[in-house]
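Take the sequences, apply the hints, and build the full model.
Take a look at the letters that make up each chain.
Number of protein chains: 6
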Amino acid sequence: MMFQNETSYTVKEKIDESQIAILPIGAVEAHGPHLPLGTDNYLAERLAEKVAARTGALVLPTLPYGQVWSLKNFPGSINITNESLIRFLFDMGISLYEQGFRLFVMLNGHLGNAVALKEAARQLYNKFPDFRVLYLFYPGVKQVTEEVRETPTAHTTYFHACEIETSYMQYLAEEFVDMSKAISDIPHIPPSADITPIPWEMFTSSAVLGDATLATKEKGEKIIKIAIKNMVQLIKEMKGE
Amino acid sequence: MMFQNETSYTVKEKIDESQIAILPIGAVEAHGPHLPLGTDNYLAERLAEKVAARTGALVLPTLPYGQVWSLKNFPGSINITNESLIRFLFDMGISLYEQGFRLFVMLNGHLGNAVALKEAARQLYNKFPDFRVLYLFYPGVKQVTEEVRETPTAHTTYFHACEIETSYMQYLAEEFVDMSKAISDIPHIPPSADITPIPWEMFTSSAVLGDATLATKEKGEKIIKIAIKNMVQLIKEMKGE
Amino acid sequence: MMFQNETSYTVKEKIDESQIAILPIGAVEAHGPHLPLGTDNYLAERLAEKVAARTGALVLPTLPYGQVWSLKNFPGSINITNESLIRFLFDMGISLYEQGFRLFVMLNGHLGNAVALKEAARQLYNKFPDFRVLYLFYPGVKQVTEEVRETPTAHTTYFHACEIETSYMQYLAEEFVDMSKAISDIPHIPPSADITPIPWEMFTSSAVLGDATLATKEKGEKIIKIAIKNMVQLIKEMKGE
Amino acid sequence: MMFQNETSYTVKEKIDESQIAILPIGAVEAHGPHLPLGTDNYLAERLAEKVAARTGALVLPTLPYGQVWSLKNFPGSINITNESLIRFLFDMGISLYEQGFRLFVMLNGHLGNAVALKEAARQLYNKFPDFRVLYLFYPGVKQVTEEVRETPTAHTTYFHACEIETSYMQYLAEEFVDMSKAISDIPHIPPSADITPIPWEMFTSSAVLGDATLATKEKGEKIIKIAIKNMVQLIKEMKGE
Amino acid sequence: MMFQNETSYTVKEKIDESQIAILPIGAVEAHGPHLPLGTDNYLAERLAEKVAARTGALVLPTLPYGQVWSLKNFPGSINITNESLIRFLFDMGISLYEQGFRLFVMLNGHLGNAVALKEAARQLYNKFPDFRVLYLFYPGVKQVTEEVRETPTAHTTYFHACEIETSYMQYLAEEFVDMSKAISDIPHIPPSADITPIPWEMFTSSAVLGDATLATKEKGEKIIKIAIKNMVQLIKEMKGE
Amino acid sequence: MMFQNETSYTVKEKIDESQIAILPIGAVEAHGPHLPLGTDNYLAERLAEKVAARTGALVLPTLPYGQVWSLKNFPGSINITNESLIRFLFDMGISLYEQGFRLFVMLNGHLGNAVALKEAARQLYNKFPDFRVLYLFYPGVKQVTEEVRETPTAHTTYFHACEIETSYMQYLAEEFVDMSKAISDIPHIPPSADITPIPWEMFTSSAVLGDATLATKEKGEKIIKIAIKNMVQLIKEMKGE
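Protein chains in written order, with my numbering: chain A, 1 to 241; chain B, 1 to 241; chain C, 1 to 241; chain D, 1 to 241; chain E, 1 to 241; chain F, 1 to 241.
Keep in mind the hints are simulated off the structure, nothing from the lab. Treat the hints with care, as some may be off.
If chains are identical, the list can't say which one is meant, so a pair holds when it fits in one copy or spans any two.
Straight line, CA to CA, 27 Å or less: simulated DSS-like cross-link-like pairs of lysine-lysine [unchecked claim]: (1) Lys239 <-> Lys72; (2) Lys14 <-> Lys229; (3) Lys72 <-> Lys222; (4) Lys127 <-> Lys12; (5) Lys181 <-> Lys236; (6) Lys217 <-> Lys14; (7) Lys222 <-> Lys181; (8) Lys225 <-> Lys127; (9) Lys14 <-> Lys181; (10) Lys72 <-> Lys127; (11) Lys181 <-> Lys12; (12) Lys12 <-> Lys239; (13) Lys239 <-> Lys181; (14) Lys14 <-> Lys239; (15) Lys14 <-> Lys236; (16) Lys142 <-> Lys12; (17) Lys12 <-> Lys225; (18) Lys229 <-> Lys50; (19) Lys222 <-> Lys14; (20) Lys72 <-> Lys225; (21) Lys142 <-> Lys127.
Now the structure itself:
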């Protein structure tokens with residue numbers, strides 16, 4: 001159910017019944033020649049719909065801006081600082097709690113948001129100990145991803161506009177993918193990228209971290225289905241079901 | 001053109017050519033029994049598309065949360081404080097400027113955002129004197145609104161979920177309006193509402209400020225067309241055309 | 001009664017009896033060749049005295065600095081940012097509440113302060129729901145002003161060092177007005193001034209928005225008497241009288 | 001010269017000629033039964049006038065609120081936090097510098113402001129290395145005070161509403177002193193007051209720290225004349241005269 | 001070389017020669033019955049000395065407080081919020097840069113600091129693009145740790161007071177370890193700990209995450225030697241050697 | 001007792017028994033050719049140990065960074081802004097209170113920290129009225145210092161790397177003093193240093209304010225013993241013993 005399509009006359013009962021709000025949050029960020037700037041928004045949004053369908057959660061409008069320090073110098077990227085993002089999410093959480101929600105699921109499509117989401121969640125926990133705030137970024141897909149991928153990952157944590165993320169998009173938002181433009185660009189990410197600030201233009205000009213040409217809808221489906229299953233399960237556990 | 005559907009390979013040229021970014025910004029807020037919580041988001045978004053079509057502007061993804069202090073205690077409202085909203089928009093503006101935009105149009109669908117938008121615009125002007133930031137909220141429609149409306153306005157500045165705003169929705173986002181639920185509820189807004197903080201639950205239980213049953217698509221069209229014409233003209237003037 | 005002339009031995013009883021504090025707040029800002037930089041301070045202060053006389057309020061010392069972004073580049077202007085002003089007023093409000101006041105009237109002589117005053121008032125309301133904070137800027141004078149003025153207004157919202165404000169000064173603080181220097185300077189304020197930050201030096205070199213030579217004490221008296229009447233009434237209503 | 005009585009047409013030349021702005025800053029604070037709440041404001045203001053007369057400085061309107069943590073629980077006290085006060089003064093300093101002043105004298109009538117004044121001065125120095133900001137609180141009067149006083153001081157640093165401060169008021173603002181109400185109240189200030197936060201109600205109910213009945217205009221004159229001489233000299237040295 | 005043991009007469013030359021500052025940063029935090037609260041401080045400090053010896057870096061005094069949200073309710077833990085820690089480190093970085101350092105190594109002994117360190121590093125990079133700030137937490141020890149450990153890890157990211165960390169302490173700061181008190185306590189960490197704020201008292205009463213009785217100096221040595229080798233190499237690469 | 005050498009299993013009982021935490025806080029700052037940059041840290045730390053021995057207090061790890069605006073341009077100085085320092089100490093205080101401490105003694109070795117310590121103490125008092133926070137900087141040594149010193153003080157408040165502070169170091173941390181490098185350098189501190197920001201490089205190149213060659217361990221001992229006696233007494237009084 002899309003929260004913003006409800007009216008104030010109908011929504012109260014639904015909040016009380018569901019108690020779960022899902023916020024899709026992504027970013028506007030360079031994703032190579034074949035994926036749109038809004039890739040992370042589309043992923044978060046489509047995932048949220050599927051997760052909501054199985055959990056009875058209410059889907060909030062997508063917050064389409066996030067923290068993109070690493071890629072902020074690429075064409076099209078829009079960066080929100082962690083500090084601003086944390087405050088924004090903290091305010092949202094207060095309203096959601098006051099509205100009667102007790103489970104606030106931040107369904108994240110952009111790894112760069114992880115720090116802000118976790119911090120906002122903790123600040124909300126400090127304020128409302130009975131308010132559970134979740135930050136979800138493709139939980140529990142490590143194994144299936146290893147099985148599915150044909151090329152090694154470019155980095156232990158990052159994946160971006162590559163075989164994997166492109167597959168996600170093919171499965172979840174195919175209409176925004178132009179596979180004819182997909183490229184393979186496996187950069188050498190210097191080890192120092194894990195221990196010092198390194199804007200990505202230092203090691204890639206495409207923002208693609210892998211071989212996007214190998215992406216398929218089937219690969220995406222395999223991983224995403226696991227991700228959804230895990231998210232649904234985590235939410236249900238949190239709700240005490 | 002929807003900014004987030006571009007890729008980083010195609011967007012740079014379009015930014016340089018257009019130099020204009022439009023951000024639709026609304027709110028999630030109670031709008032009576034016949035209009036959805038996301039009314040201000042839909043209005044801002046649809047207006048942005050129309051204005052962009054005539055100005056060559058790039059439309060950013062909608063920021064669907066705003067400052068709703070007055071209605072925050074109504075079911076479904078989500079409130080962002082002015083301080084958080086200002087910071088968020090300030091960060092966005094910095095990125096847009098660095099990306100090459102020179103005209104940042106905040107197309108506002110929610111009066112409650114006005115203060116934050118103006119403040120963010122000023123802070124960006126202080127930082128980048130050659131960056132024009134606009135905040136637009138139905139400019140120049142006073143006269144046509146007076147002509148169109150059949151009932152007097154409930155307040156000199158506010159209008160909300162009433163004959164006028166409902167007409168806007170009928171014209172711009174008809175699919176989200178349920179006229180069968182429309183009501184007439186003309187509250188007595190105490191004069192003190194202009195001079196002291198008064199949450200709206202003090203004078204209305206419906207959040208409707210007028211007779212929504214009188215709303216028509218035609219009324220909406222008349223006003224919105226003027227608003228669009230004015231916005232287009234203001235943007236062109238700003239761009240020096 | 002001037003609050004700061006009381007002693008701590010006498011003031012407690014008066015606070016408890018009155019419960020109303022009036023803070024005159026103005027600005028130091030360019031007001032043309034015939035009005036002093038402190039015009040808004042003198043207006044706020046004199047009004048406060050008159051309003052206090054009729055409401056039993058205690059008059060706090062004038063806060064003589066305000067937000068003057070628009071005119072900050074004119075000689076003599078001193079600008080306080082909204083953020084600083086809000087914090088300052090918020091602190092004051094806390095003290096006033098703790099001292100026993102339940103009605104805090106910010107009597108404003110400078111339109112540029114309006115945003116900060118309203119925001120401070122809301123933050124205080126959030127903190128102390130039984131604390132009423134008022135922000136008053138010539139309430140309810142629209143009609144009488146239209147009747148009195150001989151020249152059309154230069155702008156729908158702004159008036160500055162013009163026929164009207166100069167008349168106010170003639171009535172309230174004649175000794176600071178030098179009518180021999182009064183000028184008529186009706187600038188073309190571009191419509192964009194309502195939708196984007198435009199420092200006033202872009203459209204005026206005098207900071208006078210109208211024909212100050214037409215100002216008279218009588219005009220001032222007519223409007224100010226209405227303003228005072230309205231302020232007194234609003235305060236009494238708030239106090240539940 | 002009173003800055004706020006100038007107009008924007010006359011002030012520029014005077015700023016360029018003088019380059020010195022004096023801000024009287026005090027507080028609203030309990031001062032016993034014989035001195036008004038605004039004592040520190042009157043002292044700062046009268047001193048500023050005298051110092052300006054001898055240095056050609058322009059006198060800004062008094063900032064009549066300050067940091068009064070220690071006495072905030074006494075009737076009539078109004079407390080501004082250090083953080084808010086620092087920001088406010090920092091903003092003021094920026095405007096004064098941009099207006100052409102190169103010497104900003106914060107003439108302080110209230111010891112509690114000392115921390116905020118020094119911090120604001122340093123922050124302004126960091127921003128504008130050629131901007132001299134002074135914070136003056138009766139400089140160089142230690143010796144003469146020892147000579148003049150008939151009773152020992154209640155504390156090495158604090159003096160308040162006592163023989164000394166009352167004498168200042170008699171000399172500078174006699175009309176606000178009611179010697180018939182003056183009392184002698186020499187509290188035992190615990191040594192811990194220097195090493196831990198101790199609100200003054202812990203050791204005094206009058207807020208008088210000494211024997212105010214011994215105050216005389218002559219005593220005040222002797223000390224104040226030295227203070228003024230020192231302030232004038234410091235300002236002239238700073239100006240390079 | 002211990003930075004704080006130098007004098008201002010000798011240090012300038014050493015800064016210019018080395019250009020590398022190492023800040024050991026840890027935390028005061030519960031570490032079970034056999035390890036001291038200052039475990040992370042001792043580890044960071046001892047590592048820093050060894051790394052400095054091989055890189056010519058200057059070792060700053062240990063910052064012995066860090067972000068310990070997860071364990072803050074355990075006896076002895078002291079928590080600094082991320083926001084405060086970031087500001088503190090940002091200030092330090094500014095001074096180090098102004099002193100002539102061009103490589104600022106934050107050698108971290110406490111995983112909970114990771115977010116603050118990275119954020120501070122980015123903010124410093126934004127301010128000084130030629131200033132390299134490193135955040136190091138046992139880099140590149142994953143493989144050797146897998147080889148060394150006899151028991152599986154309790155969590156993919158966390159390790160705490162367990163076989164591994166206790167081995168570190170035995171190798172680096174043996175005098176603070178009391179193996180007679182070491183326990184094995186392998187908690188069930190709920191999967192939700194990765195996706196929602198969960199204070200550790202929810203799943204452990206000892207704060208030990210593993211079998212500390214299996215710790216040996218030899219295990220510690222094997223891992224720590226790799227960690228040091230990697231840190232030295234990363235620093236040298238950064239320095240362009 | 002060194003707090004960080006305790007374990008979480010042993011510390012709770014000791015906290016409850018003692019209720020007193022001592023935080024040594026100093027700075028990294030230029031102290032002439034004969035004293036190390038960490039002088040204020042060593043002094044604070046050694047004093048803390050002695051005071052703890054007599055009061056049963058628990059000694060926290062030294063916070064070795066402080067506010068050194070005045071000397072920040074001297075080689076080796078590291079400056080933390082007041083604002084950052086206050087936040088850091090405020091966070092620490094919250095944890096200490098929650099851990100069960102009721103007396104938080106900030107034992108200060110660096111005068112420049114005084115403002116931040118006092119402000120943090122007040123903010124903690126506002127939050128926890130039953131939490132006593134002390135800031136101690138050689139209390140009550142004025143008289144003995146006058147007796148001991150052979151040369152007049154260079155300034156009424158400051159002393160730095162001089163006869164006195166060097167004597168402190170000889171008594172408390174002899175191993176870090178190199179008397180063969182001690183110099184006599186009595187600068188002319190301009191009177192304006194008390195009333196306007198003046199970095200110390202304006203009046204000294206050595207950062208020594210006096211004749212360090214006259215320092216002796218005996219002088220140090222005499223003063224420090226008094227300081228310790230006074231600190232012990234103040235703490236005991238605070239604890240109600």
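Review point. 27 Å Cα cut-off: does Lys14 pair with Lys229 within a copy, between copies, both or neither?
Key: within (23 Å within a copy, 40 Å between copies)
Exercise for review: With 27 Å as the alpha-carbon cut-off, assign the pair Lys229 and Lys50 to within, between, both or neither.
Suggested key: Result: close within a single copy only, 10 Å intra versus 40 Å inter.
Review point. How would you classify Lys217 and Lys14 at a CA-CA limit of 27 Å: within, between, both, or neither?
Key: Neither: 34 Å inside a copy, 30 Å across copies.
**Study point:** Identical-chain pair category, Lys12 with Lys239, by Cα at 27 Å
**Key:** within (19 Å within a copy, 35 Å between copies)
Check your understanding: For Lys14 vs Lys236, is the C-alpha pair at or below 27 Å within one copy, between two copies, both, or neither?
Key -> Within one copy, since 17 Å is at most 27 Å while 43 Å is not.
Exercise for review: Can you give me the call for Lys72 and Lys127, within, between, both or neither, at a CA distance of at most 27 Å?
Suggested key: Classified as between; 15 Å across copies, 32 Å inside a copy.
**Study point:** Within, between, both or neither, where Lys142 and Lys12 count as close if Cα-Cα is 27 Å or less
**Key:** Classified as neither; 38 Å inside a copy, 35 Å across copies.
Check your understanding: Is it within a copy, between copies, both, or neither that the alpha carbon of Lys14 lies no farther than 27 Å from that of Lys181?
Key -> between (44 Å within a copy, 18 Å between copies)
Check your understanding: Given identical chains, is Lys239 near Lys72, meaning Cα to Cα at most 27 Å, within a copy, between copies, both, or neither?
Key -> between (37 Å within a copy, 25 Å between copies)
Check your understanding: Should Lys181 paired with Lys236 be assigned to within, between, both, or neither, using CA atoms and 27 Å as the limit?
Key -> neither (40 Å within a copy, 35 Å between copies)
Check your understanding: How would you label the pair Lys72, Lys222 (within, between, both, or neither) given a Cα cut-off of 27 Å?
Key -> This pair counts as neither: shortest intra-copy Cα distance 31 Å, inter-copy 40 Å.
Exercise for review: At 27 Å max between alpha carbons, let me know whether Lys181 reaches Lys12 within a copy, between copies, both or neither.
Suggested key: between (46 Å within a copy, 17 Å between copies)
The structure fails hints 3, 5, 6, 8, 13, 16, 17, 19, 20, 21 (numbered hints given earlier, in ascending order).
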